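Order-wise, the sequence lines are chains Y and S. So that you can map any letter, position 37 of the first sequence is 37 in our numbering, and since no number is skipped, the others follow by simple counting. So that you can map any letter, position 29 of the second sequence is 29 in our numbering, and since no number is skipped, the others follow by simple counting.
It should be emphasised that the hints constitute simulated quantities derived from the structure, not laboratory data. Be a bit skeptical, because a hint or two may be false.
[Claimed, not checked] Facing chain S, from chain Y, some residues (calculated, C-beta under 8 Å): (1) H10; (2) E34; (3) P61.
Since we're looking at a predicted model, the values are computed, not measured. We treat Cβ as the ideally placed atom computed from N, Cα and C, and that holds for glycine.
Chain by chain, the residues:
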Amino acid sequence: MTHLDEGQLHGYLDGQPQDGSTAGRQDVERHLAECAACRARLEEERGVRDRARAILGTAGPTGLTAPPFEAVLERAAQRQASRSRVRPTVALAWAASLALALTVGWYARSLLQTEAWVGGAGEAARAAGAAQGEMRADAIQAAPPARRQLAQGAPARDEPTQPPPEGTREVASTAAPAVQERPLANLAAAEAKVEQDTRLAPVRVTEAPAPSAVPQILLRRQPRAAAPELAEDVWVTVPPAEAERRLGGPLATIPGLPSLGTSVFGTGLSTVTRTIQVLGPGLTIELVQERTAAPMRERAAVPAAAPQAGRALRDEPGLSVTVAWEGFSVTGRALVPADSLRKLLSRLSRP
Amino acid sequence: MRVDWAVVYRETYADLVRFLHRKVWDADQAQDLAQETFVRALDHDPENPRAFVFTIAANLARDEARTAIRRKKHLMLIKADSADSRDSRDGGDRGEGPEQVAAVRRALDQLSERDREVLLLWDAGLSYAEIARQTDLKAGAIGTTLARARKKLVEAYARIPQTGPKAQEEQG
Numbered sequence: 001m002t003h004l005d006e007g008q009l010h011g012y013l014d015g016q017p018q019d020g021s022t023a024g025r026q027d028v029e030r031h032l033a034e035c036a037a038c039r040a041r042l043e044e045e046r047g048v049r050d051r052a053r054a055i056l057g058t059a060g061p062t063g064l065t066a067p068p069f070e071a072v073l074e075r076a077a078q079r080q081a082s083r084s085r086v087r088p089t090v091a092l093a094w095a096a097s098l099a100l101a102l103t104v105g106w107y108a109r110s111l112l113q114t115e116a117w118v119g120g121a122g123e124a125a126r127a128a129g130a131a132q133g134e135m136r137a138d139a140i141q142a143a144p145p146a147r148r149q150l151a152q153g154a155p156a157r158d159e160p161t162q163p164p165p166e167g168t169r170e171v172a173s174t175a176a177p178a179v180q181e182r183p184l185a186n187l188a189a190a191e192a193k194v195e196q197d198t199r200l201a202p203v204r205v206t207e208a209p210a211p212s213a214v215p216q217i218l219l220r221r222q223p224r225a226a227a228p229e230l231a232e233d234v235w236v237t238v239p240p241a242e243a244e245r246r247l248g249g250p251l252a253t254i255p256g257l258p259s260l261g262t263s264v265f266g267t268g269l270s271t272v273t274r275t276i277q278v279l280g281p282g283l284t285i286e287l288v289q290e291r292t293a294a295p296m297r298e299r300a301a302v303p304a305a306a307p308q309a310g311r312a313l314r315d316e317p318g319l320s321v322t323v324a325w326e327g328f329s330v331t332g333r334a335l336v337p338a339d340s341l342r343k344l345l346s347r348l349s350r351p
Numbered sequence: 001m002r003v004d005w006a007v008v009y010r011e012t013y014a015d016l017v018r019f020l021h022r023k024v025w026d027a028d029q030a031q032d033l034a035q036e037t038f039v040r041a042l043d044h045d046p047e048n049p050r051a052f053v054f055t056i057a058a059n060l061a062r063d064e065a066r067t068a069i070r071r072k073k074h075l076m077l078i079k080a081d082s083a084d085s086r087d088s089r090d091g092g093d094r095g096e097g098p099e100q101v102a103a104v105r106r107a108l109d110q111l112s113e114r115d116r117e118v119l120l121l122w123d124a125g126l127s128y129a130e131i132a133r134q135t136d137l138k139a140g141a142i143g144t145t146l147a148r149a150r151k152k153l154v155e156a157y158a159r160i161p162q163t164g165p166k167a168q169e170e171q172g
């Protein structure tokens, strides 16, 4: 046997088996018995080992007593508790991110379609845009400049809805220009929403659009000259038959969708109904129906709406499309692409 | 068979704190990391609990060293002022002052990472086989590595005068 190497010597000193290439403890002892040189080296290495151990021994806390094991268990319990608090948050954040992505994507898609529709809506829409002063025709077709303008022009989301100034009231109360103007306004609203959503924390996306914003806006459009009997400022939930009686005509609903109820505001010619129907899980469409004072075709020629009306509508959540139906104007509002909304509104019928 | 972590804790704690102390060089933090080690070990049922504990501890210490190098240095400077009272409170050092600890630390710093790890693990009571598993070295290489590490430590320590910076010259 050749001389022992340092590894073997230290392994021997440490009482550790030297498995691997070289022999075990007996072989080492056999060699040591007949090799004085290795015996000398063994003692040398023993000195190194003891010295190293002594050096290390001076450098640390010794004589420690362990705190009770319960301290560990308690800490683990706390960890468990905080983890179970954290996990749903993480899951929610993930879901919120997904919701954000879907929402933004959906809006972006519907914006393109809305623009296309606006582009095809003819001179009235362009005139409306021109009347707004800040939205040029090219801006209608090219989304990014429009978005930039809107980002500057759109009011903050938290800003309370301002009642339209006196001068704009009559414009707002005539439905036809609104029909032409709404896509623009909704484009603005949607654009602004996309702008805002991308800045907001993801959780904000999960907030359902407040439906109460709608009656408020309509309420302010209500004070017409021909509505002296408008006494009560409340929405009343009524059966469909009663809604039709108050409207004096058929109630517009989308067939095949479950209804969450209809409420009525006002009386006589200024009666407004609001019907909520379920499109899917967490997704509703709101139908606001009111009598149109004049045939829709005539209305299309009415001069474009003032910018203030558009600004007020910008606060409306979701997208809305207004159609003429059975002598009424019906505004549908839902967080769905504009073309889907129009398709839904094309199926209006009585309940 | 479930591991009785309470028993492992009692038998391992002191070695573990010592092991951790030589990595983070802070008695309080070493004890904190030792507890943390067991918190993380509780859910597991390893074949060799003692080796398992040291594996966790080594990882914790590594993470800690990565994230807190600057803070550590700062702490050491602060501690140097008040360490006398502190260390005796912390756990009954055998009267060695901070200079002594710093000297050992500097000597250990001269070792290669692998040599140092093997040396500290052995000092913490792990067997060659356990050290081999933890460091990914061959079992037959532990003796050689340990021999080299011990020699370097002794030499490096001997070169450290209680004041001079000469010890910085040689690097393993």
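For each hint, the structure was consulted:
The beta carbon of H10 (chain Y) is positioned within 8 Å of a beta carbon in chain S (closest approach about 4 Å), and the interface hint is therefore held. With 8 Å as the threshold, the beta carbon of E34 (chain Y) stays out of range of chain S, its nearest partner Cβ sitting at about 21 Å, so the hint is violated. With a least beta-carbon distance of about 4 Å to chain S, the hint placing P61 (chain Y) at the interface is held under the 8 Å criterion.
Hint 2 alone, counting from the list given before, is not met by this structure.
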